[in-house]
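Assemble chain B onto chain A, guided by the hints.
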Amino acid sequence: VAPDNGAPAVRRIMVIVLLALAPGIAVQVYAFGPDLLSNLVGAVLGAVATEFVLLCSDRRAALRAIGDGSALVTGALIAIAVPPAVPVTVVVLASVFAVAVGKHAYGGIGRNPFNPAMVGYALVLVSFPGLMAVWPSAADGIVDVISAATPLDVARHQPLMKSQGLESLVMTNPGWSNSWPDLWSDLWSDKRPSLGQDPWPTIALAYGAGGLWMVYRRAADVVLVAGTLAGVALSAGVVGVFATDGEGMVFHLLHGAVVVGAFFVVTDPVTAPAGRMARCVYAFLIGSLTVVIREFGGYPDGFAFAVLLCNAAAPVLERALSTPSSTPSP
Amino acid sequence: VWPEASASFGQEGRAGDGPAMIERVRLAGVCGHGGGGFPTWRKLEHARINGIQHLIINAVECEPDLGSDQCVLAAQTRAVRRGIALVQGLCGAIHVHLAVNEAWRAPANGWLSDAEGESGQMKPGHDLPDALDVSIAHDISIFGVLAHYPAGDERMLTRFVIGQALGDSERPTDRGCLVLNVATVAALGEVLDGRLPVRRLVSLRGPAVANPQVLGVLIGTPIEVLLEYAGVVMNPALAVHQGGFMMRAPVSSLDEPVTGATTGLLVGAPEQATAIPCIRCDLCEPVCPERLAPQRLWASLERGDTEAATNLGLSRCTACRCCDLACPSNIPLASEFRAARTALVEARSAAQAAALAKVRFEQREARLVRKAAARVLRGKPAVRPERGAGRTAGVDALVEKARAKRRAPSRSGASGTVDARGGGPRPVDAGEPTPTKPHMSTSDHGDESG
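Heads up: the sequence lines are chains A and B, in that order.
Residues 1 to 330 in our numbering are what the first sequence spells out, letter by letter.
Residues 1 to 450 in our numbering are what the second sequence spells out, letter by letter.
In short, the hints are calculated from the structure, not lab data.
Keep in mind the model is a prediction, meaning the values are calculated, not measured.
Don't take every hint at face value.
[Stated by the list, open to error] Now the in silico label distances, taken between C-beta atoms and shown as ranges:
#: 1; chain 1: B; residue 1: S141; chain 2: A; residue 2: Y216; range: 38 to 46 Å
#: 2; chain 1: A; residue 1: G298; chain 2: B; residue 2: L146; range: 53 to 61 Å
#: 3; chain 1: B; residue 1: S141; chain 2: A; residue 2: A62; range: 58 to 66 Å
#: 4; chain 1: A; residue 1: A320; chain 2: B; residue 2: F143; range: 36 to 44 Å
#: 5; chain 1: B; residue 1: H148; chain 2: A; residue 2: A320; range: 31 to 39 Å
#: 6; chain 1: B; residue 1: M234; chain 2: A; residue 2: A312; range: 55 to 63 Å
#: 7; chain 1: B; residue 1: L254; chain 2: A; residue 2: L54; range: 38 to 46 Å
Cβ atoms here follow ideal geometry from the backbone N, Cα and C, with glycine treated the same way.
Chain A on its own, in the form it takes in the complex (with noise of 0.2 Å):
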């Protein structure tokens, strides 16, 4: 332990935050190709840019907030959350909007009652559905780039085509997986490894891992990413039973942005509730919230606008459930 040794822990948890997601960040670029790197850059770019720019009239507070990592860390959040086939302007677009209203209208870090990535996220979302719904075929491993749409998107549009009597539209891709990857026989084969088919569980459990590390660290709490997850899993197993056609709960646990959201998003402490009740509760909703949305609602995944659903909900779970114990036991 070394107390009062200057720079403050805040950097020291956005520096494990960020090393957290580097395996999820290579495995998704081994996938979908080099495309996420430029996005990266250009949005952690202009996401530092946007802070220095704001903060400009003193320029040791503004060297400051940048040296506290947050804004990297909103800016790469967004661009793994974006297709990397989007241009790289609206990346930039998202990082830009992130950081200066989802950030600083609010007052700067730890004022921001929304997540600043999610509200950048959800920007470009609503402004461009056509580019965000695009994710490459990941079918060859390499990107010579075929359009596809995600396992989520089949999964939202499926149904609904089926009762329109459209079934010669709806792609049939059998290799879709409800189970775990076989990435550790993969790894052992002769031939390169590939991701097969569904690269998607392969990305989730990338992430996974660096997330875990990240707890292990202390850098992000755990009962926000078991809430979150255990939200996902107890939704899309009652969805499950009741809706036949329902996707099951580890396809819903290992597609979408459920992993890296529980582990980088949900985790970000401004924006969640303080108090452990509070924080099981906020967790929970958000996962419940996104299969509700992804199963019910009008968007493939809806873990961005649960999200921020539930930070506005924080301030309320806050004040209702976490009231600290007004004498200690003995």
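Okay, now just chain B, sitting in the frame of chain A:
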């Protein structure tokens, strides 16, 4: 002027001797040697009047870099026992608890036994009643505390001894416990023996001290002299703090003297780093020994909501600085809480003083009105002209009441008087002496503006 109470203290009835002994403690200037510096005589006075069941001697010294309390226990055991005798003389049969670091329990037991064996002075007939002597020999319970900071906090120790947590604004004395630092008790022992406690033990530690040590120092020694003696290389940028690593206060000038409350000097410790905004990470919550929610407390103070802060238990904060160390944003939470608490107490006492002043003012007003009414009834102006603006707001009513009373037994006589003065539809108004009228109008004006 040294009240002569020593020889007979505790023998001829405590009621008579107690105040004299407390006066001696006051004149000797004994204050909280644990670092608080609170005048000990006031604690003793409170304990003597209200009675206590437990004397808790605090020698836990959970601060990581202090050692003076242990040294007091080792080197001044006899004085400690004499100090216990003084408190027992004041407060009667009480349970005496000595709280030490668990690692020091066996040695402490040994020292106390030694002191017992060697002290022929403590036999009956010296200056203590028999009962007290016996209770001293057999009644000290030494308990070891895991020196897990802040185990030596008086609220923690009281909770340990009585098994119940103190309420929000309760002091240990409210639960019949008097908590004194072991060095304070030793100082009291010297007072009982007729000496002035003029020295104390000071721990000297820190990155800039090559040879950490505990020094016996005359109270009043300039800190600079102490540092020179210990061979500290002086330079202007050297940060010197009083206290231990956790609870410390910067020394503004090296000319400052060692006081009774100087437990130690921390030389060369880094300054508090620049704070950045709270990110609401809640890392402070699990470390709070009082189970407060420092983050929410901080947020409520930041938005100026003292009521919310009070509800969150602001007054229970012991300023132990555990949350400071946990905070990744380097926010000086504990000192902010301490400052807010002080401000709150001051505001409360100011409000009380204002309420008292208001009551006094209103009583005075009522008294003046009664006086004025009496003057009117005697036929004089309600207010003496030279007194300036008077208070005649209620005079009319009082005058009328008094006249009605006076009229009641002989109605004809009263009406006759009114007729004689000229009659009219409103006899009482007309009956008032004319000179009051200008005064009344000025006073009305004054009341409005006031």
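Checklist entry - Is it true that S141 (chain B) and Y216 (chain A) lie within 38 to 46 Å of each other by Cβ? => result holds, 44 Å
Next on the checklist: For the hint 36 to 44 Å, verify it against the beta carbon of A320 (chain A) and that of F143 (chain B).
Outcome noted: At roughly 41 Å between Cβ atoms, F143 (chain B) and A320 (chain A) fall inside 36 to 44 Å, so the hint holds.
Item to check | Verdict for L254 (chain B), L54 (chain A) (Cβ pair) under range 38 to 46 Å | outcome: holds, 44 Å
Next on the checklist: Range first: 53 to 61 Å. Now tell me if the beta carbons of G298 (chain A) and L146 (chain B) are that far apart.
Outcome noted: holds, 58 Å
Next on the checklist: Given the hint of 55 to 63 Å, is the C-beta distance from M234 (chain B) to A312 (chain A) inside that range or not?
Outcome noted: Because 58 Å falls inside the window, the suggested range holds.
Next on the checklist: Does the beta carbon distance between S141 (chain B) and A62 (chain A) stay inside 58 to 66 Å, or does it fall outside?
Outcome noted: Between S141 (chain B) and A62 (chain A), where Cβ atoms are some 60 Å apart, the hint holds.
Item to check | A320 (chain A) and H148 (chain B) - C-beta distance against the hinted 31 to 39 Å | outcome: holds, 33 Å
Of the numbered hints stated above, none is contradicted by the structure.
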